[in-house]
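Residue numbers (this note's numbering), protein chains in the order written: chain P, 150 to 295; chain W, 301 to 889; chain Z, 588 to 1021; chain X, 215 to 478.
I should point out that these hints are in silico values taken from the structure, not numbers from a laboratory.
Quantities reported herein were computed from a predicted structural model and do not represent experimental measurements.
Ideal Cβ placement from N, Cα and C applies to all residues, glycine included.
Careful, some of the hints might be misleading.
Dumping the calculated DSSO-like pairs for lysine-lysine here, alpha-carbon to alpha-carbon at most 30 Å [said to hold, decoys possible]:
#  : chain 1 : residue 1 : chain 2 : residue 2
1  : Z       : Lys807    : X       : Lys242
2  : X       : Lys476    : Z       : Lys814
3  : W       : Lys323    : W       : Lys574
4  : Z       : Lys814    : P       : Lys290
5  : Z       : Lys774    : X       : Lys430
6  : W       : Lys722    : W       : Lys671
7  : Z       : Lys807    : X       : Lys428
8  : Z       : Lys591    : W       : Lys872
9  : W       : Lys869    : Z       : Lys1017
10 : Z       : Lys621    : Z       : Lys774
11 : Z       : Lys667    : P       : Lys290
12 : W       : Lys671    : X       : Lys336
13 : Z       : Lys591    : W       : Lys869
14 : W       : Lys671    : X       : Lys467
15 : X       : Lys225    : Z       : Lys667
16 : X       : Lys243    : X       : Lys336
17 : W       : Lys869    : Z       : Lys1015
18 : X       : Lys428    : X       : Lys446
19 : Z       : Lys617    : W       : Lys851
Ranges between beta-carbon positions, derived for each pair [as the list claims (entries may be wrong)]:
#  : chain 1 : residue 1 : chain 2 : residue 2 : range
20 : Z       : Arg760    : W       : Leu391    : 58 to 66 Å
21 : Z       : Leu609    : P       : Ser240    : 34 to 42 Å
22 : W       : Pro867    : Z       : Ser646    : 37 to 45 Å
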Amino acid sequence: MEAMLNLFVSTRGSGKMMKEFLLNTGSTIEEGRLAKGGSKLTEDYTQECAVCEMNPGDFQDLGSPQKVKITSRDGRYSVAAYAHPEESIQSGQVFMPRAIWSNVVVDPETFSTGSPLYKGSPVQIEPTKEDVLSAEELVLKLYVRS
Amino acid sequence: MATLIIRNGYVFDPLNEINGDVKDVFIRNGKVVDDLSGAEEKEARVIDATGKTVMPGGVDSHAHVAGAKVNAGRLMRPEDHYKSVRSRTALTHSGSGYTIPSVYKQGYDYAVMGYTTVFEAAMPPLEARHTHEEMRATPIVDMGAYLVLGNNWFIMRYLKEGDIEKAAAYAAWMLRTHKGYGIKCVNPAGVENWGWAQNVHSLDEPNIHFEVTAREVIRGLGEVNELLGLPNSLHLHANNMGHPGNWEITRNSLQILEGLKPQNKTNVQWAETKMDATRKQTVYLAHAQFNSFGGTSWRDFCSGVKGVADYVNQVDHVVIDNGAVPFGPGTAMTGDGPAIHDLYMLSGQKWSNTDVELECGSGVIPYTYLKSSPINSVQWAMGLELLLQIKDPWKTIMTTDHPNGGVFTQYPKVIAWLMSRKAREDTFKECHPWASARSSLAGIEREMSLLEIAIVTRANQARTIGIANRKGHLGTGADGDVTVYDLDPTRLDVNDYSKIKRAFSQAEYTVKEGEIVVHRGEILRVPDGRRFYSTPFVDETLEKEMLADVKEWFKYYTIGYANYPVPDKYLKNPVAIQVNKPLEAVARR
Amino acid sequence: MAFKNIICPVCGASCDDIQVELRGSKIVTKNACKMGNAKFWEIFSPHRIREPLLKESGSFCTALWDEAVDRAAMILVKAKRPLIFMGSETSCEAMQVGLHLAEFLGAIADSNSTVCHGPTAMGIQEAGRVGATAGQSKSRSDLVVYWGSNPLESMPRHMSRYGVYPRGYWTRRGRFDRTVITVDPRKSITARNSDLHIQLKPNTDYELLSALLTLLHGKKPHPSVEKVTGVSISEMEEMLERMLGCNFGAIYVGLGIASSFGKHRNAEAALNLVKELNNHTKFVIGALRGHCNVAGFNQIASYLYGYPFGLDFARGYPRYNPGEYTAVDVLREQDVDAALIVSADLVSHFPAACARYLAELPVACIDIAPCPTTMISQVVLPGVIDAMECDGTFYRLDDVPVYFQPFTGSPFSFTDSNEDTMKQIFQKVKEMKR
Amino acid sequence: MAEVLLQPKGKIGIMIEAEVIRADTLAKKRGEEIERLLVWQGPVQLPLGDFFEVEVRGTGQAEETVVVIEGDVSRVKRIGQGMKTGKIEILGSAGMHLGAEMAGGSILVRGDAGSWAGMEMKGGLLQIMGNAGDHVGCSYRGSWRGMTGGQILIEGNAQSQLGSGLVGGQIVVAGNVESFCGIRQNGGLVLVKGNAVRGAGAEMTGGTLAVLGKIKHFSPGFVEAGREESPKLGDLQLEGKFARFSGDYAISKNPKGVLYCKEG
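Only chain P is shown next, with the shape it has when bound in the complex (with noise of 0.2 Å):
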């Protein structure tokens, strides 16, 4: 749990570019207007949320990406976004936006409160070619059992 109070521990190793950071999730008004306005299933929707901002230093020693890959604290699930530099963020933080991309790597933890960490779970993000899916593709790729 004490990886919740570290900020931005680089883990590189065999040769790969990767760090950790602290998950912000919240709301973006048209992340608002697309998932009120049933439209999930959508490019539109995708091209909004399948998002993660850095800071424009952070994006920088990442080698300035197109696309990162976000992995949860565990290791166990991935998924892939569309990389922002954006200036309000801090330094080792990240944010995306409330959606289905944020939450496969949101640590299910809840300290027994029933709630998980939608703001502040580490995360390890690394530059990627991976496809950003849409939400339909990971709904059937991580939890569809075919």
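We have chain P already, so just place chains W, Z and X on it with the hints.
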């Protein structure tokens, strides 16, 4: 509908001057009747009440049982609930909560004790929808709620301007809009000040901005009440509640309404009673115990009951309920936000508060009354003193101000103390010596009779709040709400008071409108109770003028005028009590 | 046809001033925000679920209503321990049926509250809550603190209707009469529009609140707090001074408090701070609730059964213990074996471990549009849109109930409302259990 | 001396609640009687024998009865709840609420214990050889009165809210604790030999908390009140130099909580 006969019981029906006579009670179609035809009698269901006590169904005229502040208490106190549960049955819902039971449990618990009518003591207008939702969900018991108006911006403005007719028009419109039963006034002028973390501490101190005094609000709402002719008198929660020495302001508050004439202009059918069943008082002093503190601080704290009781003994326009303290856990909850803040300062407990825009406020705090506490012990004594020192039982009502002084399920304990000096003496031995040293209780010999208990637990409640046209007695035409207690008055030994407690804890039978709903603690039927509210009329032009003001100021609300009222949908079995006919409607004088 | 005073069923603001004009199959609204508008358009949207769907060998086919209700009931009846999840975008009346159903089955009943302001409710259970209805701050507040909340994106009209801009009785100049402080690790758009932005490090709200309380009690906080929170003690003193200097302060907490590390303890500390501030000046605190009726479940579950969320009825009476009976935990621990989900998209909003287990279970859902949760369900029942197509009750962010009336009817012949659908399922369940 | 052996029959799906597994409840019962005792699985009550092979060896009074659970019962809740006397030994891990409201006797878990172990415990000994979950020795939601007596020993680590609302008794953790250890503590003693993450002693109004390792985020409302060499806390003798703090000033102007932190 079926017929029911309750045979051979010892009947205590004060409004019909029946004092333990052995009688049969007949009910047809939910109403008490003189007798039944031979054929009906053959078909009737019969309760054999031989050797048992029969009373009208219990009426609670002041309890906090529904609405936003009660629910704030429920939400904030899981520790109150987890060991106090009720399982579901094929017929009943489950529930939880000791001092603040969930609504199903609450309804069943009242019915098990033989109560069939309960009035919610404080309904904030903006939260009226919530209060009605909870009442709608409460099983069995009949209910109504008093609308909180003592710090209402419109009322304060009209009273400042001296426009009593418009104040009356506004109160009438509010009662209709929110389906309220009567007018409640909580810490007049003080709760508005609490909007700025202040209070008022005397009757003549103008409050911030509105510049009205408690005296003006009490007088004004008292007049409004009688101008409209509401079933209930002004229901007053006096200033400085919970402060040492407050007995004086309490007495002075009651004095304000001297000379005002009670006017009941309800257009309802009256069941037969020997005594006049209309209310005599113009002010109902709620939970007098909390407003009869003596001393000047917590160090020299003592009972101030004498001052209040002496006054009430002299006058005829006051009825009090005592707000007894039976010891044990309680949850303090009231529309008096600043009073609860004071309690928070003393106890450091968890504390909830909700101020309601333009209208009123409320506070909630857990509180446990301990026999080891000197203050609590005096409070216990005071609650009983009030009922025993005021000579005429028709000026008193027994409550615990549930759940403030204690839980309503503790009523049987209070009854035992009122009926048995031995019970009081035994408690003196267990509690702090201040109880006897700082109150007069130890010297009181009076032991209430079953007739007096019937007065202070049902008959007077009904008469005081103006519902004795159908409740609180067993005269022809009354609602067939009857309680049979397993208590033989001819063999009653009040020294053996545990029997009294047992009998009143669990009615042998509770009958609601002619149907047996409870037998020895088991719920047999779950009818929907009725919801009473008042619909007073005022002159159309006056109402129009008043509404123009209301609309102008409505912009300070965060809800639109159109969405402000309580819809009919929130009331099951509504009973609108028409107050004054259009002909008598209040007009500008 | 034009309608006024319509209540918006989107966020906790429950704006009740929406004007709606229906022109054939077009809808024009006034006063609604972007999110609200989008929801109003749902009435005619092409992706609206208009028929019951059943999953047969992996793919959906349309079904008869009775058949679908039957299947939904069957899922519940066959389960050992079902989860009834009443989402917040439906009426209290529907939620009440859900609670009754859970009681009848001995199931678990939960709601969005659990993952929204559940920890705030738990904080209230530790500390109480000194609050007010929204109009108090509208008329009186001269200081507003958005703590871990970003209303400009989550409740777009909060600032204009309740918090910052409204001209109330003593706040005739609106924004000019108010100081705005935002506490947020992110320089959010709300933070950028504030007079003071306290940019604390993530997951350190508890320490910052604790330090403010310590200062209020006349002690200097332990110096390590500066490094921990990234906020200097002098900044804290400045903030506290502003708070003590106001006539009426209001704190609006968001999920930055409830959802971050510390959870209900963060909420508890914020609630304690407000309690203590009331010994000096007037202060109130409230939660910004992103979903429209998330407060409603708290209220009705409390008055019907005694607890605000996460209720377990296994033993025939309600029990409550977040972490044990709450939806995320019972899914993560695989302690339920079926689910009925009403107006909520758990697959999108729950962590992967929970969503994945849910996808393995028999699930029935009621919804208006396709989403990840409908994808994994075996039964999908079309939802009716509350406040547009049926009447009912929502509780606002400040726990004031509002009664909403529809401007059009249910588009379906087989159900009038989600409440109606729930009642039909319950009826079937009773028949099957007989 | 009597021994009751409970052998789990296989994987348990929906968790069961088995407060009947108490030494004093099982004492003096025959195997068949024990098998017929009911446990809850969801809303259904099933015989204990559905989940365990039961074997009884010897006879004896409750206080000399030992219940041995020979396997993993991490999906069995409420073992030993309210137990007054006798002994339970669990060879594997135990589920939630182990030994909650226990008043006497002892429970030993070889593996881990789920959350709410020893909640509202009044007496007896609860020993956890592995790790413990959240809320060890805690109060119920909304209450500020947790464990009032007895002893809890944890060899491994414990998660959050350990000893919340502690009134009396003792909790010793050999490993680390996470957040809010000793929150709202108002009496009793908590000793953490390892590290604490945050909120150690937060909202404390009385009692003693000692942390020998590091506290990552120190609770801001604690004020240094002196230094002590090898303090003795009840019957526990600590070694080394300690800084003594009083607090938590975030909760009150006059708190009586004492926090010892080992120096160096």
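Hint check:
1. Z:Lys807 / X:Lys242: violated, 60 Å
2. X:Lys476 / Z:Lys814: Satisfied, since the Cα-Cα distance of roughly 21 Å is no more than 30 Å.
3. W:Lys323 / W:Lys574: holds, 16 Å
4. Z:Lys814 / P:Lys290: It is violated: about 42 Å lies between the C-alpha atoms, which goes past 30 Å.
5. Z:Lys774 / X:Lys430: Holds, at roughly 26 Å.
6. W:Lys722 / W:Lys671: Holds - the C-alpha atoms of lysine 671 of chain W and lysine 722 of chain W are around 17 Å apart, at most 30 Å.
7. Z:Lys807 / X:Lys428: holds, 22 Å
8. Z:Lys591 / W:Lys872: holds, 28 Å
9. W:Lys869 / Z:Lys1017: holds, 26 Å
10. Z:Lys621 / Z:Lys774: holds, 22 Å
11. Z:Lys667 / P:Lys290: Cα-Cα ~29 Å, so holds.
12. W:Lys671 / X:Lys336: Distance ~23 Å between lysine 671 of chain W and lysine 336 of chain X Cα, so the pair holds.
13. Z:Lys591 / W:Lys869: Holds, because 20 Å separates the two Cα atoms, which is no more than 30 Å.
14. W:Lys671 / X:Lys467: The given pair, whose Cα atoms are some 28 Å apart, holds under the 30 Å limit.
15. X:Lys225 / Z:Lys667: holds, 16 Å
16. X:Lys243 / X:Lys336: holds, 26 Å
17. W:Lys869 / Z:Lys1015: Holds: lysine 869 of chain W and lysine 1015 of chain Z sit about 26 Å apart, inside 30 Å.
18. X:Lys428 / X:Lys446: holds, 20 Å
19. Z:Lys617 / W:Lys851: holds, 22 Å
20. Z:Arg760 / W:Leu391: 58 to 66 Å: Cβ of arginine 760 of chain Z to Cβ of leucine 391 of chain W: about 60 Å, so the range 58 to 66 Å holds.
21. Z:Leu609 / P:Ser240: 34 to 42 Å: Violated, since leucine 609 of chain Z and serine 240 of chain P (Cβ atoms, about 51 Å apart) do not stay within the stated range.
22. W:Pro867 / Z:Ser646: 37 to 45 Å: holds, 44 Å
Violated hints, in rising order: 1, 4, 21; the structure is consistent with all others.
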